Structures are given as C-alpha cells and as structure tokens.
Amino acid sequence: MHIEVRNLNKHFGDFHAVKDVSFDIEKGHLIGLLGPSGGGKTSILRMLAGLEGLDSGEIRFHGKLVNALPPQERGIGFVFQNYALFKHMTVFDNIAFGLKVKKIPSAKVKSRVMELVELTGLKGFEKRYPHQLSGGQRQRVAFARALAPEPQLLLLDEPFAAIDAKIRQELRTWLKDLIERVGITSIFVTHDQDEAIEVADEIMIINQGRVEQKGTPWDIYKEPKTPFVATFIGESTLIDHVSDLKGFEEIKKDSGTRALIRPEYIEVGHEHEFILASATEAGIIRHLHFRGSEWLVEVEVAGHKLITYRSLEKETLSIGQEVRVLVHRAYLFNEERSWIMENRLKDVPVSMMI
Amino acid sequence: MKKYWITLTYIVFIVLIIIPLLKIGSGAFSEGFSGWKDSLIRPEAIHALLVTGLVVVVVTCINTLFGVMMAIYLVRSHWLSRKIKSFLNSLVDLPYAVSPVIGGLMIVLLLGPESIMGGFFENIGFRVVYAFPGMVIATLFVTFPLMVREVMPVLQEIGAQQEEAASTLGAYGWTTFWKVTWPSIQWAVLYGVVLTVARSLGEFGAVLVVSGNIMNKTQTATTLVYQDVENFNVIAANSVALVLAAISIGLLLMMEWTKRRKGVS
Amino acid sequence: MNTILRHKGWIWGFRSTVLLYFIMLIVLPLLGVYFNSFSLGWSMFVESVSDPIAWKSVLLTLKLAVIATLINVVIGTMIAWVLNRYSFFGRSILNSLVDLPFALPTAVGGLMILLLLGPGSFIGSIAESLGFEIVFHQPAIVIAMVFVTFPFVIRAVQPLLEEIDPSEEEAAYTMGASGSRVFRKVFLPSMAPGMISGGMLAFSRALAEFGAVVLVAGNIPGRTLIASVFIYGEVESDNAAGAAAVSIILLTLSFSILWCINLVQMRGRRS
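From first to last, the protein sequence lines stand for chains A, B and C.
Here our numbering is used: the first residue of the first sequence is 1247, the next is one more, and so on.
Here our numbering is used: the first residue of the second sequence is 11, the next is one more, and so on.
Here our numbering is used: the first residue of the third sequence is 5, the next is one more, and so on.
It should be emphasised that the hints constitute simulated quantities derived from the structure, not laboratory data.
Note that the coordinates shown come from a computational prediction; the quantities given were computed from them, not determined experimentally.
Accuracy of the hints is not assured; some may be wrong.
[What the hints assert, rightly or not] The calculated lysine-lysine pairs, modelled on BS3-like cross-linking and capped at a C-alpha distance of 27 Å, are:
1) B:LYS189 with A:LYS1348
2) A:LYS1349 with B:LYS189
3) C:LYS12 with A:LYS1346
4) A:LYS1492 with A:LYS1471
5) A:LYS1373 with A:LYS1354
6) A:LYS1348 with C:LYS60
[Claimed, not checked] Part of the chain B face toward chain C, derived, beta carbon under 8 Å:
7) VAL22
8) VAL108
9) PRO110
10) VAL111
11) LEU119
12) LEU120
13) VAL219
14) LEU254
15) LEU261
Yeah, the Cβ is synthetic: ideal placement off N, Cα and C, and Gly gets one too.
Use the sequences and the hints to build the structure in full.
In structure tokens:
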C-alpha cells in the first residue's frame, strides 16, 4: 500500500521525540528506518501502526487519512522486537489468532495457518508453545502471525535484535526473500547499518526525531546529505583542518569547514604502487590490525591519523614504516552546507606527468 | 552453629504458631465432640457463620471485579496522566495503614444515622450502618488493596506488547482481555481472591464497629468469638475459632498452591 | 457483545465507575474522619486529644509497637535466614506456616494467645508463680502484636536473600574474610532494606492492630489501653468526635510511615 506521512510530530512529556517527519513509501517497497537508539524510529513505526497517538501531522494509507483509525482497523501486521508471542498459546493458535478474531471459518483458518507454517519453515512445530522454541523460530512465528490476516503493510520493530549473530545473517536473507515473495509493503526499524543496507530497498536515516536522509543504500553511502549520515553510515575519520592534506589546500583553515574521510577514499602503499605519485604525500604507519580479509591501517599524515584498508595481496607493511598516502576525496561540511570534493591533484591533466 | 539456628527457628514456630493452634483444638474439644458440636449448632453461631459467609462472597465478588479493573487502569491506561496514576497508586495502599477500627469509624461517621448521607438512606428505608450493607462496605475498604497489589506487578511484568500485538491483529479490548491478558493474570487473580477471602473472613475491628454486633442480626463469626470470650464462654469461642482456623489453614494451602502456579506460568 | 462493548459510552462508563468506586470507598471516608474531628472546632479537637486517657493510649501504643517491631526484626531476619540458607527437615512446611498470621482472623489469634498464656494455662501459671503477669498486661499486648505482624519482616527479607549473588559471598571468603565478617559485610547490608521496610510495615500494622489485642489487653487506661481499643470504646460510648480526634493522630502517623516505606522502596529500586 502507498503510504504518505506529512509533518508528523510526537511529544513524550517535554521530550520532542518526532519532529516534523514527512515521507512517502511506494507500494511493495521494503524500507529500513535506521538510526541510533532513542532517535524516534520506533515511535514513527508505532504511530503508523496506531499504537501511539500523534500530536500533529497526517498519515495516509492509499490516500485515506488514518490518523483516527485504531490499530485494529488499519490492516497492518506488526512484528515486535521481543516478538510478543502469546505465551499461553501454541504456534498454531498464535498464527490463527488474527484469523479467528475476524470470525473466519475454522477450515479456512486451518488451511491459511498451514500455508504460513509451510512458508516460514515451521512445519512440525505447530503444537509447541513459544517457550519451547529457539529465538529464530519465535521470530518466524511472529512473522507468520503478522502475515496471517493478509495485512497491507508489515511493520517490524528491530526484528533481529534478539537473535544470535550467527542465525541473524541467515534470517535476514530469509526475511528479504519472503517479503519479496509475498510482495507486501514493509517497514523495519534497526540500529544496525549492515542490516539496513543488506535488507532494505530504501533506507531512511532517523536522528533526533528527524529524517536525515532517504534513499537507496548505495545513494546514501555515496552521497550523504548531512554530516550525521556521513558518520553514521560506513566508517570514517573526522579531520578538522583538511587543508593540511595534499590536494585539499584550498579549503581555508578558519572557514569552519571540516572533513570526513572514509577508509576506502584513502590509498596507502609504496611509491611504486601509485600511478599518480605526484598526488601522494608522506605518512608513517602507526598501527596495523589484521581484519581477517584485509589489513586495517592507521597512518599518520601531517599530524592527522587516518584509517584505511590494505589488501592482503599487496606487500605487507610494518609499523613505523614511511609510506605514500593518496586521499582520493573527502566529504566536506560546514554550518551551511556539505559537499564532496575530489583531490585536486588527481584532476591534473595527464600532460603534467609527461 | 547451623543446628542451633534451626532449633531456634523451630522453637519460635512451635511456641508462636503451633502450640496456640493446638490449644484452640484442645479447647474446642475439652468437653468432647458433642461440646464442640453443641457450641456450633447454637442458632447465633450458625447465623454468625452464615453472615460471615455472605460478607465474604459479596466482598470477594465486588473487589475482584473492581480490583482487577483498577489494576489494569493503573498500569495500562493512556487516558490518565502519569502523575495522576502514581497518585492514585499511592492511595491504593491507604487501607493498609488504617486501623480496622478507624476504618469502621469512618463508615459510621460517613453513613451513620446522624450523618447527612446516612440520614438520607434512612429516610428511604435503607439502613447502612448497624446493618449488612455497612459491614460489606467496611470489609470492602479493608480488602481493597489486596487484589490490586497482586495483579499490578504481573501486568507490569508481562508488558503491554502482547496486548498491542493482539490489537494489530484486529482484536478489540474485550477479546484481547479474555484471550491474551486473562491467561497471564489468572493465577494472580486467584491468589488475590484467596487473600481477599481470608481477609474478609477474618475481619474483625471494622466489622465490630460498623455492625454493632447484634446477635442473630449483624454478628459475624469473629465478633461472635469476641463476644463469647467476653462472656467467659471459652468452649464456645474455641469451637467457632477452630472452624475459622481450619478454613484459614485451608486458604493458606490454597495460597501456597496458587503461588506455585503463579510462578510456573 | 463485542460491538456493543466497543461503544465509547461503555468505555467511559466503566472508567468512571471504577474511579468513582475507588474514590468513594477509600478517599471519601478518610476525608470524612479528618473533617469530622475538626467539625466541632479546633478547641474541641485539642480537648479530645489532650484528654490524658487519649494521649496516654497513643503513647502506649507507640511504645509497645516499637518493642514488637524490634522483636520482629530480630526474629524475622533470623527465620528468613534459616529458611533460605539452610535445608533441613520441615523447611517447606515452616515456610508456608509463616503466612498463617495473615490468613488467621485476628480475633482467633488473640484467642490463641489468651489460651496459651492465660491464667489457667501452663505458661500462665508458671509466670504467675514467679510473680509475673502476662495476660491483661503489657507483655500480652506485645506478644499479640508480634504474632500478628510476624510475616512482614520474613517476607521482606527472603527475596533479598535469594537475590544475593553467591559469587559475592565466595569472593569474600577467598579474600580471607571470616564467617561472621562475611555476614556483617555481605549479607547484612543486602538484607537491611528488607529489614527496614518489613519492620516499618510491621510497625504500622502493630499500631493499627485491634482484634488480637482487644482480647488479651486489660484495657486499663494509661497502662494497658491502646489507641485502637480506646477508639472503639469512644465509639461504643457514642463519642464519635473524640474517637475521630485520636484516629487522625494514629492515621497521620500511619500515613507518614507508609510514605517512608514508599521512599525506602523507591530508593532500593533505584540502587
């Protein structure tokens, strides 16, 4: 279902939890609400579900205003962080609950529940109680229960937070596949950027009650619109005086402009490894951490500590060694705006080199 | 050292609880079984036990209903602000702090024949104080916190999420309560019922003040025991007390049982 | 049924009924007592309270309740300790018996004490031959109070004992602390909040106790007449205003204790 949210506001006492939030979600999309804890993500989700009243603003499903509609009449499915399974009901009864409430004939209830049990891989567990299931299985039950009444919108609050790291990976892929197969508009809340990037079609970054940015994971990664988004997504080092770095001298020191540099914007190595040696500058290796698939290198350049990666295929560096460092680009921001700047010297015409 | 402490514990229990209990038993049967039976089939004894039974049933029904609802409102309601809820919550405990005699006095002052409200009821031919309704009100006052205090922590512990889940699945308040909330609180409610029964069965001070202790009319089992003691009719007092003690022990066993069930579910 | 109950009117009806019930049952009577004791003016109130029989009964109640509470804190802590830390024959039965004074009608409790310690009884006659009287004197009142408030301290301390992390105790032993030192440094501080809140509950209950006491107290003004019995006497002799005056002293005292208990519990929860 198509969802429109306009100027949503919510206060809890003196705390302004959600500030003027507006967004649109297209039918069939899977959206991740990503942000730090206490940022208002869950409040937004609960307002969409009707579990929380809103102070001002509009929520429209299919163009119809649903502000005053109770959760029972919104046609949504909600998966709670701790699943909130009915602990005194079996798996079957849990999934059947929403159908029985609607007074659907029991033969039909049974076939629908069995269909969902099949779909969620819970076959053989129908007679068990929630406390007899593993975390992953409970999650699947919660999911099946929410889907049973065929909702138009599926809302998931930190769906993987309570699951072991190992199974979490598997469940993520499973969930993404399943949602695609069912074709239901879904919104999930998470504070884990890997999860959001991996599962969501589109991400909304929420911080301090505001939507910082909305877009595909790739867009957000590539072009963060605010400093918060830039620091929150991916790794980065914050540099106060970016003019110290070669290729960025034109940024004035006292302009209040600061820079975020991602590890993958930086290349480090011996002089002969660079094609454009003139753009590099000297650095000293301070630390080396083996990361399993690559080296994490801490290198000091002009008094700044930068973090980057280095492939295991390349010649191994050692601590204290002098190396060349090339900063490809930096994400710059000041109080008015933010922009991405490529290294000046990289743009120098090839003729210079000849 | 350990043995010494255990022995001491046993001594305290035996002196403070077990011997007195046995004393009641031996006192009741000091003139044989027939003495016990004769004391119990006195018309005033039968009447007093019936009145007590009636008070227990009425009070338990009313306070179970209102206690559970009050607990739900205090824990879950959105329509009361948090400050009002915590204020009401602290008021719930007041009857604990009030001496039963004062509890009875309050009702006499408020609803007695000389008061405004009491006078009004008197005029329409409805006697409150020195009659059955007053005794019920006094007992309601004394037992009100029991149910609320049993149900509230359970509601807080299970949280609102299961109920919210039910509402997103299309269930309204009534269905949600019976299908989702009730199974979680049922043992706490039963425990509260047992406590309320025990307390209203044993209530003495408040009822004594409110009832006026009129034989064959407003006398309850406990006030009868009091009167028998005052009249030095020890065997009669013991006989009724033994019945009350036996019921209490039965209730105690039920408390233990429900407590265990409460822990399991 | 469902659609009818979903109607707004019903919901509001339920809500206001419950709140109204609560206010009528609890709040209104309490206000009534305060209102009544001042209804005849401040001077009447002072006169009622300054009656020596009245204020002596309040003082006596306070004194005896303090003694009963102290006894209960000591015995109760010991019993909670024994029931939780040691396993021995009959433990679970004793543990269930703890609640008996709650379940037993207080009048029956009073009768039990009367039978146990009364003039004709074994203990009573021994005490009498030693020239020491129990029943109808202050010791009997204290015993009645101890009996009635017996479960409070035990039930307040037990959960705290259960919560103590055994590694804390073990850590203390590995550091070379002796048994009594571990008790003082590890267990006593953990039990203290329960001893205090349980003790205060016991105290407020002892102040209020009527049923058990009225049967065993001699009700001699100034010596064995406690406040609740005095109030009852005033009600019986149709002096409701006098009864109300003493009542509000006792009530105010109990409410401040209740308030203290709430404070202690809140602090305990925060730490």
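query: For the pair supplied as a hint, A:LYS1373 and A:LYS1354, is the alpha-carbon distance within the 27 Å limit?
result: holds, 18 Å
message: Next item in the hint list is B:LEU261. Is there a CB on chain C closer than 8 Å to its CB?
response: OK, holds: B:LEU261 within 8 Å of chain C, min 5 Å.
- prompt: Do the numbers back the hint for B:LEU254, that is, is its least Cβ distance to chain C under 8 Å?
  reply: At about 5 Å, which falls below the 8 Å cut-off, the nearest Cβ of chain C leaves the hint on B:LEU254 intact, so it holds.
message: Please verify whether A:LYS1492 and A:LYS1471 have alpha carbons no more than 27 Å apart.
response: holds, 25 Å
- prompt: Can B:LEU119 be said to touch chain C, with a Cβ gap under 8 Å?
  reply: holds, 5 Å
task: Have a go at the B:PRO110 hint: is there a Cβ in chain C nearer than 8 Å to its own Cβ?
output: holds, 5 Å
Holds or violated: A:LYS1348 to C:LYS60, with C-alpha atoms at most 27 Å apart: Given that 27 Å is the threshold and the Cα spacing comes to 69 Å, the pair is violated.
- request: Closer than 8 Å between Cβ atoms is the bar; does B:VAL111 clear it against chain C? Give me holds or violated.
  value: holds, 5 Å
query: Would the hint on B:VAL219 stand, with a C-beta cut-off of 8 Å toward chain C?
result: Since chain C brings a Cβ to about 6 Å from B:VAL219, closer than 8 Å, the hint holds.
Minimum beta-carbon distance criterion (8 Å), B:VAL22 to chain C: OK, holds: B:VAL22 within 8 Å of chain C, min 6 Å.
task: Take a quick look at whether A:LYS1349 and B:LYS189 sit within 27 Å of each other, Cα to Cα.
output: Between A:LYS1349 and B:LYS189 the Cα gap is close to 14 Å, so the pair holds against 27 Å.
query: How about B:LEU120: closest beta carbon in chain C under 8 Å, or not?
result: Holds - the Cβ of B:LEU120 comes within 8 Å of chain C, reaching about 4 Å at its closest.
Of the numbered hints listed earlier, the single one contradicted by the structure is hint 6.
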